[in-house]
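Here is what each chain is made of, one letter per residue.
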Amino acid sequence: MKWESMSDFFAMGGYGLYVWGSYLVAMLCIIGEIVLIRIRKRTLYKHLGLRRKSILRGEK
Amino acid sequence: MKPRHKKITVIALSVSALAIAVVLVLNAFQSNLVFFFSPSQVAAKEAPIGKNFRIGGLVEEGSLRREGDGTTMKFAITDTAEVIRVVYTGILPDLFKEGKGVVAQGKIADDGIFYADEVLAKHDENYMPPEAASALEQAAKAQKTSLTQ
Amino acid sequence: MTINWFKYASPASFYFLAGRMIPYFSIAAIIFLIVGLYIAFFSAPTDFQQGEAYRIIFVHVPAAWMSMFLYLVMAFWAGIGLAFTTRLSSMVASAIAPTGAMFAFLALWTGAWWGKPMWGTWWVWDARLTSELILFFLYIGFMSLQAAIDDPRRADKAGAVIALVGVVNVPIIYFSVQWWNTLHQGASVSLVQSPKMATAMLSGMLIMALAAWMYSIVTILIRTRLIILERERHTAWVSELKEGVLE
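Residue numbers (our numbering), protein chains in the order written: chain A, 21 to 80; chain B, 340 to 488; chain C, 90 to 336.
Warning: the hint list may mix true and false statements.
[Said to hold, decoys possible] Derived pair list, reagent style DSS-like, types lysine-lysine, alpha-carbon separation capped at 27 angstroms:
no.: 1; chain 1: A; residue 1: Lys66; chain 2: B; residue 2: Lys346
no.: 2; chain 1: C; residue 1: Lys246; chain 2: B; residue 2: Lys413
no.: 3; chain 1: B; residue 1: Lys446; chain 2: B; residue 2: Lys413
no.: 4; chain 1: B; residue 1: Lys390; chain 2: C; residue 2: Lys205
no.: 5; chain 1: C; residue 1: Lys285; chain 2: A; residue 2: Lys22
no.: 6; chain 1: B; residue 1: Lys439; chain 2: C; residue 2: Lys246
no.: 7; chain 1: C; residue 1: Lys205; chain 2: B; residue 2: Lys439
no.: 8; chain 1: C; residue 1: Lys205; chain 2: B; residue 2: Lys436
no.: 9; chain 1: C; residue 1: Lys246; chain 2: A; residue 2: Lys22
no.: 10; chain 1: B; residue 1: Lys439; chain 2: B; residue 2: Lys390
no.: 11; chain 1: C; residue 1: Lys331; chain 2: A; residue 2: Lys61
no.: 12; chain 1: C; residue 1: Lys331; chain 2: B; residue 2: Lys483
no.: 13; chain 1: B; residue 1: Lys446; chain 2: B; residue 2: Lys390
no.: 14; chain 1: B; residue 1: Lys446; chain 2: B; residue 2: Lys483
no.: 15; chain 1: A; residue 1: Lys61; chain 2: B; residue 2: Lys346
no.: 16; chain 1: B; residue 1: Lys446; chain 2: C; residue 2: Lys205
no.: 17; chain 1: B; residue 1: Lys483; chain 2: B; residue 2: Lys436
no.: 18; chain 1: C; residue 1: Lys205; chain 2: B; residue 2: Lys480
no.: 19; chain 1: B; residue 1: Lys390; chain 2: B; residue 2: Lys413
no.: 20; chain 1: B; residue 1: Lys439; chain 2: B; residue 2: Lys384
no.: 21; chain 1: B; residue 1: Lys439; chain 2: B; residue 2: Lys483
no.: 22; chain 1: B; residue 1: Lys446; chain 2: B; residue 2: Lys436
no.: 23; chain 1: B; residue 1: Lys345; chain 2: C; residue 2: Lys205
no.: 24; chain 1: B; residue 1: Lys436; chain 2: B; residue 2: Lys413
no.: 25; chain 1: B; residue 1: Lys436; chain 2: C; residue 2: Lys285
no.: 26; chain 1: C; residue 1: Lys205; chain 2: C; residue 2: Lys285
no.: 27; chain 1: A; residue 1: Lys61; chain 2: C; residue 2: Lys246
no.: 28; chain 1: B; residue 1: Lys384; chain 2: B; residue 2: Lys446
no.: 29; chain 1: C; residue 1: Lys331; chain 2: A; residue 2: Lys66
no.: 30; chain 1: B; residue 1: Lys346; chain 2: B; residue 2: Lys384
no.: 31; chain 1: B; residue 1: Lys345; chain 2: B; residue 2: Lys390
no.: 32; chain 1: C; residue 1: Lys205; chain 2: B; residue 2: Lys346
no.: 33; chain 1: B; residue 1: Lys480; chain 2: B; residue 2: Lys436
[Claimed, not checked] If you want a taste of the chain C side facing chain B, the calculated C-beta under 7 angstroms gives, among others:
no.: 34; residue: Asp215
no.: 35; residue: Ala244
no.: 36; residue: Val281
no.: 37; residue: Lys285
no.: 38; residue: Met286
No wet-lab data here; the hints were simulated from the structure.
Ideal placement from N, C-alpha and C gives every residue a C-beta, glycine not left out.
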């Protein structure tokens, strides 16, 4: 293992703020996009008056 | 306001906001197409003397001196053809090193010295572990000594 | 066996095809992400000049590549939609924009957080950074223009014009570091020369790029399906779908 300890891992050689600042925002962006898609889907389904979500998957 | 008019207002506002943003950015783009001048260009008087501009090149090996106050630095920027001496007070980026890339912003004074108010490090596109880097350095040194012999 | 590819050019067929493909691409995205992150943080070595700060590359470069590539794909489909008035292609173009904008934003954000510790600044107006910012604005412009126009057919046309005009920006981003003096360094990986990265680092970056590809395909397919339903809600096949006849 290249990291001596957990704190060593989080410190990122002194650049922890920048490395984790980048990855955290990347994660938030991805989660945010997925949440937005979910909201759009739910609103649309409600608007279309769909009873069962599985119907829309189009699976046989 | 009718919904139709409201819609048109919203479209007009957002389009003009976007247009302003694009104009500002394109303006910045044009004035920074020459992001920095090389020491040779400065020597050839191509850089805007008397105005703020940026010089880019390598920090000359062995040129870095720290003044008594500890925050004022003197060094030279070179493109291996010409050398410009630089004075800078402030914090240097972590990657600032002799022999490495640098971009300094400031003005050239009458004494020919470049007084910088911002110094940025410009690194190259090579990524490798330290062992590989030192092996490459050793190889380069060995080649140099064999050439001079 | 012959496959009738044109069958899938109709929104209805594409709707079902996309629905069947989404789970596979989702699984691939998760696998690539896990492997990529493992390499990024545990198997890739420390960099000789940038220390651990270079690990931002594993999200920065895939995001930047994706933002440029998705723009080209978006403009392509928007252009096809404009030229041949094919409904589905315009819908795909609209579905791509938010994901592309997200990746352009990420490229800018992670770039700032990488630039601060390494270069000594969050932002400079050099050609590379500025042209990537313009790319982000183009995505935003495309989306807000489409959102502002009620009639989908007219929205498609207006969006296609922005998308096609903006294509010129993509090669500017890519070649900016060669054409002009920039603070941003040149490309570490390109098609014409051997990569300037150690293998472990390079493999991590490429696998993260694959994860970004798979993720983009998933979000674009889901969004295309939603747009198809939105726009085709008055057609017979959606009614049948709602009644469960197609089940």
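**Report entry** Agreement of Lys439 (chain B) and Lys246 (chain C) with the hint, judged by alpha carbon distance not exceeding 27 angstroms
**Finding:** violated, 50 angstroms
Query raised in the report: Taken at face value, is the distance from the CA of Lys285 (chain C) to the CA of Lys436 (chain B) at most 27 angstroms?
Result: Cα-Cα ~21 angstroms, so holds.
**Report entry** Given hint Lys384 (chain B) paired with Lys346 (chain B) - CA-CA distance at most 27 angstroms
**Finding:** violated, 54 angstroms
Query raised in the report: Is it true that the CA of Lys436 (chain B) sits at most 27 angstroms from the CA of Lys413 (chain B)?
Result: Roughly 13 angstroms between the alpha carbons, so the hint for Lys436 (chain B) and Lys413 (chain B) holds.
Report task. Would you check the hint for Lys205 (chain C) and Lys436 (chain B), treating anything up to 27 angstroms between C-alpha atoms as holding? Result -> Given that 27 angstroms is the threshold and the Cα spacing comes to 16 angstroms, the pair holds.
Query raised in the report: Regarding the pair Lys331 (chain C) and Lys66 (chain A), is the alpha-carbon distance no greater than 27 angstroms?
Result: Holds. Lys331 (chain C) to Lys66 (chain A) sits at ~12 angstroms (cutoff 27 angstroms).
Query - Pair hint outcome, Lys446 (chain B) versus Lys413 (chain B) [Cα-Cα no greater than 27 angstroms] - result: holds, 15 angstroms
Query raised in the report: Taking 27 angstroms as the top limit, are the C-alpha atoms of Lys439 (chain B) and Lys483 (chain B) close enough?
Result: holds, 19 angstroms
Report task. For the pair we were handed, Lys331 (chain C) and Lys483 (chain B), check the Cα-Cα distance against 27 angstroms. Result -> Violated, because 77 angstroms separates the two Cα atoms, which is more than 27 angstroms.
Query raised in the report: When you check the alpha-carbon spacing of Lys246 (chain C) and Lys22 (chain A), does it fall within 27 angstroms?
Result: violated, 54 angstroms
Report task. For the pair supplied as a hint, Lys205 (chain C) and Lys439 (chain B), confirm whether the alpha-carbon distance does not exceed 27 angstroms. Result -> holds, 17 angstroms
Query raised in the report: Are the Cα positions of Lys446 (chain B) and Lys205 (chain C) separated by 27 angstroms at most?
Result: Measuring from Cα to Cα gives roughly 23 angstroms; hence the hint holds.
In summary, the numbered hints that this structure violates are 2, 6, 9, 12, 14, 18, 23, 30, 31, 32, 35, 36.
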